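There are 2 protein chains.
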Amino acid sequence: MEFSKYFPIWNQLTPEHQSILSHAATLHTAKKGTIIHNGSVECTGLLLVKTGQLRAYSLSAEGREVTLYRLFDRDMCMLSATCMMNSLQVEIVFQAEKDTTLWIIPPDVYKGLMRESGPIAIYTSELMGTRFTEVMWLVEQIMWKSLDKRVAGFLLEETAIENTTKLRITHETIANHLGTHREVITRMLRYFQSEGMVSLSRGTVEITDEAMLAALTDA
Amino acid sequence: MEFSKYFPIWNQLTPEHQSILSHAATLHTAKKGTIIHNGSVECTGLLLVKTGQLRAYSLSAEGREVTLYRLFDRDMCMLSATCMMNSLQVEIVFQAEKDTTLWIIPPDVYKGLMRESGPIAIYTSELMGTRFTEVMWLVEQIMWKSLDKRVAGFLLEETAIENTTKLRITHETIANHLGTHREVITRMLRYFQSEGMVSLSRGTVEITDEAMLAALTDA
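Those sequence lines, one after another, are chains A and B.
For the first sequence, the residue numbers in the working numbering are 4 to 222.
For the second sequence, the residue numbers in the working numbering are 4 to 222.
Please note that a few of the clues may not be correct.
Identical chains blur together in the list; that is why a pair holds if it fits in one copy or across any two.
[What the hints assert, rightly or not] Straight-line C-alpha distance at most 20 Å; calculated EDC-like pairs for lysine to aspartate or glutamate:
no.	residue 1	residue 2
1	K148	D221
2	K101	D221
3	K148	D78
4	K35	E175
These aren't lab readings, by the way, just hints derived from the structure by calculation.
The structure displayed is predicted, hence computed values, not measured ones.
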C-alpha cells in the first residue's frame, strides 16, 4: 500500500503494527481553503500529508489569525489529535493552503501503538520536538523581531515555497499569517516598494530585490 | 532512595530501569539567581525539581527576557537536554527563582531508557505536550492579549505562587517576565494604582483589589 512509502518510520515497525496502521489510516482530499481540523472541539486524528500544503494557525476570539507552521509532503502532525495526550491542551486550526491529499490516522489506534511500539513512542516525542521548535521560533520572532523583518522573512519564505518571485497574495492574507492587521501590512509593503524591494499590483507582490529583503531579515 | 518518590512514573519502571535512573541522577542545590542551564551551547540533562522554583525563559540578542514557564516541586523538564532529540532546537535559559534542590539526569542515560522502556517513551511525549501547551498559551497571550491584561494576570499568578498579596518585586523583573521594557511596566502599574487595584512602594507591589484585577484579566 502507498501509505508505507509515506509513513516516516515504516521500516522500524513490526509487520503487525504496519498492518494495524495501514488499515486504520484513511485517505482524504481537501480543496484549497478547506478547514481540516478546528481546534476547539474535535479530535480529528493524526495528519500525514501525501501531497499539498496545510497551514496550522492560532485563532483569537476576535477572529484574528497567526500562522504557527506549515505541513508539506510527507509531514506528519499530531496536534489535531490532542485527545491522544492528557497534557496537550491547545487550540490549533488546520487549513488546506493548496489542494491537498492526506491520510488521517485515528487517535485511539495511534495511542494504542504508542504503548506497544518503542519506535512509534520515540518518533512521537521527536514529532513533538519538531512542533515545539517551530512554535519557539515563532515566540522569538514575535518577541524580538520588528514587523519589517518578519514581513521580509515571510515574503522570502513564500518565494521559496511557491518557487516564484511574483507572489499572488493579498495584504489581508499576509496579515493573517503574521497576526497583524491589513492596514499595517499595506503600510509596510508601500515602504518596501519605496525602497525598491517589492513591486505591488492588484493581488500580487513581486519581489524585486531579494538580496535587500534578505539583508533586512538578518539585520 | 528519595529520588523514587519524585520521579513521576517510578512505579511503571522495571527494577533494572529504576536502578539505572537512580544511580545516574545527581542531586544539586542552586542558590536563588543561579543560571542552571544556558540554552545556546550546553546539554545539561533533564531537570527534576525536588524543592524550589525554576524559571525557563527566552533571551534576545539584546539581552531582553520573556518567561516561558516555571517549574515547581516534582516538575520535570527535558528542554535543557535538547541533544537528546534531533528535532529539538531551542534556546532556553533555566534560572533558580528561589533556592532550589534538583536532580539532573544525564541525557545519554535517559535517551537509552526511552528506547528500552515504553512507559518512559510515552511519558516523555506527555512531557513534551505539557511544555508545548505552556508555550502555545504564551503565544496566545502575546498575540491576542493587551499588555494590561498580561500584567494583571502576572500579578495574580505571583500572588498565588508567593501566597501573599504584598509582592516583593521590581518593575524591571516584571518587564523581564513579560518581555517588555521597565518604563512600560511602571506606566501600567501607576495606572493600576490610580484605579485602586495596586499600591506601589519601593521594591513592592501590593494587590489591593484582587477581584478588579481578575475582572481585567478575563475581560
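Status of the hints after comparison with the structure:
no.: 1; hint: K148 / D221; verdict: within (10 Å within a copy, 28 Å between copies)
no.: 2; hint: K101 / D221; verdict: neither (29 Å within a copy, 37 Å between copies)
no.: 3; hint: K148 / D78; verdict: neither (27 Å within a copy, 31 Å between copies)
no.: 4; hint: K35 / E175; verdict: within (17 Å within a copy, 47 Å between copies)
In the structure shown, a violation is registered for the earlier hints numbered 2, 3, in ascending order.
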